[in-house]
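Trainee: If you want the building blocks of each chain, they are given just below.
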Amino acid sequence: MTERYIARSSAIAARMLGGEMMIMSAVDSTFFTLNEVATVIWQAADGRTPLSEIVEKVCRKFEVEPDSARRDTEQFVDELSRHGILLISDKPIDNPSARPTEAL
Amino acid sequence: MAGMTQGPHDIAIEIGGTPVLLRTRNGRFHKLLESRYAGFVNARARAKVEFKVDLIAPGVSSDEDVQVKMKDGKWSLRRGDFNSEWDPRAGKGWIRQSANPYSIDSVLRIVHSLILAREGGFLVHSASAIRNGRAFLFSGLSGAGKTTISRLAPSDVTLLTDEISYVRRDGEGYRACGTPFAGELARLGENCSAPVATLFFLEQGPKNQIRPISSPDAVRRLLRNILFFADDAELVKLVFRSALDFVTLVPVRRLTFFPDERVWELVD
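Chains A and B supply the protein sequences, listed in that same order.
Going by our numbering, the first residue of the first sequence is number 24, and it counts up by one from there.
Going by our numbering, the first residue of the second sequence is number 53, and it counts up by one from there.
Extracted from the complex, chain A is given alone in its bound form (with noise of 0.2 Å):
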């Protein structure tokens, strides 16, 4: 099966505020608040870190099966995707403004 990478887009901003992920797109608006699952894959959206070791990393924090692990956390990516929010590649993606989210 083809690796993915996935990546923070820049267009967006995005802050911890009371253990939730904060996130708005900066092309339309639209608001996001990730769980603590969601949080780790967004944080981990690095352009650098292949999509499978990502979910192996959900799997270990959170014990849960792969195979459910994998299914949520593709139909994750596909969703931040579809607002333009997370970048999707099959090769690393170079992303200066995948830095951590606390900053931006």
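Keep in mind the hints are simulated off the structure, nothing from the lab.
Idealized CB from N, CA, C, for every residue including glycine.
Take the hints with a grain of salt, since some may be wrong.
Within a straight-line C-alpha distance of at most 25 Å, the following computed DMTMM-like cross-link-like pairs (lysine to aspartate or glutamate) qualify [as the list claims (entries may be wrong)]: (1) 121(B) with 86(B); (2) 289(B) with 86(A); (3) 83(B) with 236(B); (4) 123(B) with 283(B); (5) 83(B) with 117(B); (6) 121(B) with 139(B); (7) 83(B) with 157(B); (8) 289(B) with 313(B); (9) 289(B) with 113(A); (10) 144(B) with 62(B); (11) 126(B) with 286(B); (12) 123(B) with 51(A); (13) 121(B) with 286(B); (14) 121(B) with 117(A); (15) 289(B) with 106(B); (16) 289(B) with 101(A); (17) 126(B) with 51(A); (18) 100(B) with 66(B); (19) 259(B) with 222(B); (20) 289(B) with 222(B); (21) 289(B) with 69(A); (22) 121(B) with 283(B); (23) 289(B) with 62(B); (24) 289(B) with 102(A); (25) 123(B) with 284(B); (26) 114(A) with 101(A); (27) 289(B) with 117(A).
Residues of chain A placed beyond 12 Å of chain B at every Cβ, according to the derived structure [what the hints assert, rightly or not]: (28) 52; (29) 67; (30) 70; (31) 85; (32) 99; (33) 100; (34) 105.
Fit chain B to the given chain A structure using the hints.
Mentor: Relative to chain A, chain B alone:
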């Protein structure tokens, strides 16, 4: 602009400490503005922003929604009933509209929202009032009770607005300023300001009660009520950060109230 000669019908309207000079050659329109913005007219203000107002004959205005876009360093502001351009670097612009107060009111709201976005503030759908030197904001969309709670305010309360509050960053907190942007109460706010003590999100209910609200929920509700019109990624990010900063620095609560004057016993 600072140092420029004002014409006989020019008028400077100062909201939130930011004067906007409107240049018109029409004496009747000048009178209309003077009356509509009474209390906010400052003849001696050195305006940083100046608009030449070209009045056109009233005609059929379209129902085109508001569009605010930056192009070649200038803001373009359009709606079915007005057209405007503003060069923020030069501090100059023009407005084309018929001689009605509603179009100019909308232009002023948009211009102030753009200015405030860069200064860490915002305009928000909320009533606001000063009591004992501190400002309280009562936010909510239409029907939430902004006008009702304003109408119920006791005599020691100074009303800043019943519809749109002007919130600017002030050191480690925020300051609410009076606005002439009136809602159903049809009464201008007082032209004064005070540090914001609490933001309440209004809900009408069977009894008066203040309840806590989580920070994420507060941000979500605040963003829903901030007036921001510009299709501009940089400013959207700034407004988002301001909303987060506000919720971090200012107590935010839910206020359920039964519509009688006793609700003000909880606001102090």
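Trainee: Taking only the CA atoms, is the gap from residue 289(B) to residue 102(A) under or equal to 25 Å?
Mentor: Distance of about 21 Å is within 25 Å: holds.
Trainee: Can we confirm that no CB of chain B comes within 12 Å of the CB of residue 100(A)?
Mentor: Given a closest Cβ separation of 22 Å, the condition holds.
Trainee: Need the status of pair residue 289(B), residue 313(B): alpha-carbon distance at most 25 Å?
Mentor: violated, 39 Å
Trainee: CA of residue 123(B) to CA of residue 284(B), is that 25 Å or under?
Mentor: holds, 10 Å
Trainee: Could you grab the alpha-carbon distance between residue 289(B) and residue 101(A) and see if it respects the 25 Å cut-off?
Mentor: holds, 23 Å
Trainee: For the pair supplied as a hint, residue 289(B) and residue 69(A), is the alpha-carbon distance within the 25 Å limit?
Mentor: holds, 20 Å
Trainee: Just want to verify: residue 70(A) was marked as not at the interface with chain B; is every Cβ pair farther apart than 12 Å?
Mentor: Label holds. Min Cβ-Cβ 20 Å, cutoff 12 Å.
Trainee: Could you grab the alpha-carbon distance between residue 121(B) and residue 286(B) and see if it respects the 25 Å cut-off?
Mentor: OK: residue 121(B) and residue 286(B) at ~12 Å, within 25 Å.
Trainee: Check whether the Cα positions of residue 289(B) and residue 62(B) lie no farther apart than 25 Å.
Mentor: Violated, because 35 Å separates the two Cα atoms, which is more than 25 Å.
Trainee: Take the C-alpha atoms of residue 121(B) and residue 117(A), compute the straight-line distance between them, and say whether it is at most 25 Å.
Mentor: violated, 30 Å
Trainee: Would you assess whether residue 85(A), listed as outside the interface, keeps its beta-carbon beyond 12 Å of every beta-carbon in chain B?
Mentor: The claim stands: residue 85(A) keeps its Cβ more than 12 Å from every Cβ of chain B (closest is about 20 Å).
Trainee: Checking one constraint from the list: CA of residue 144(B) to CA of residue 62(B), max 25 Å. Satisfied?
Mentor: holds, 14 Å
Comparing the model with each earlier hint shows violations of hints 1, 2, 5, 8, 9, 14, 15, 19, 23, 28; every other hint is respected.
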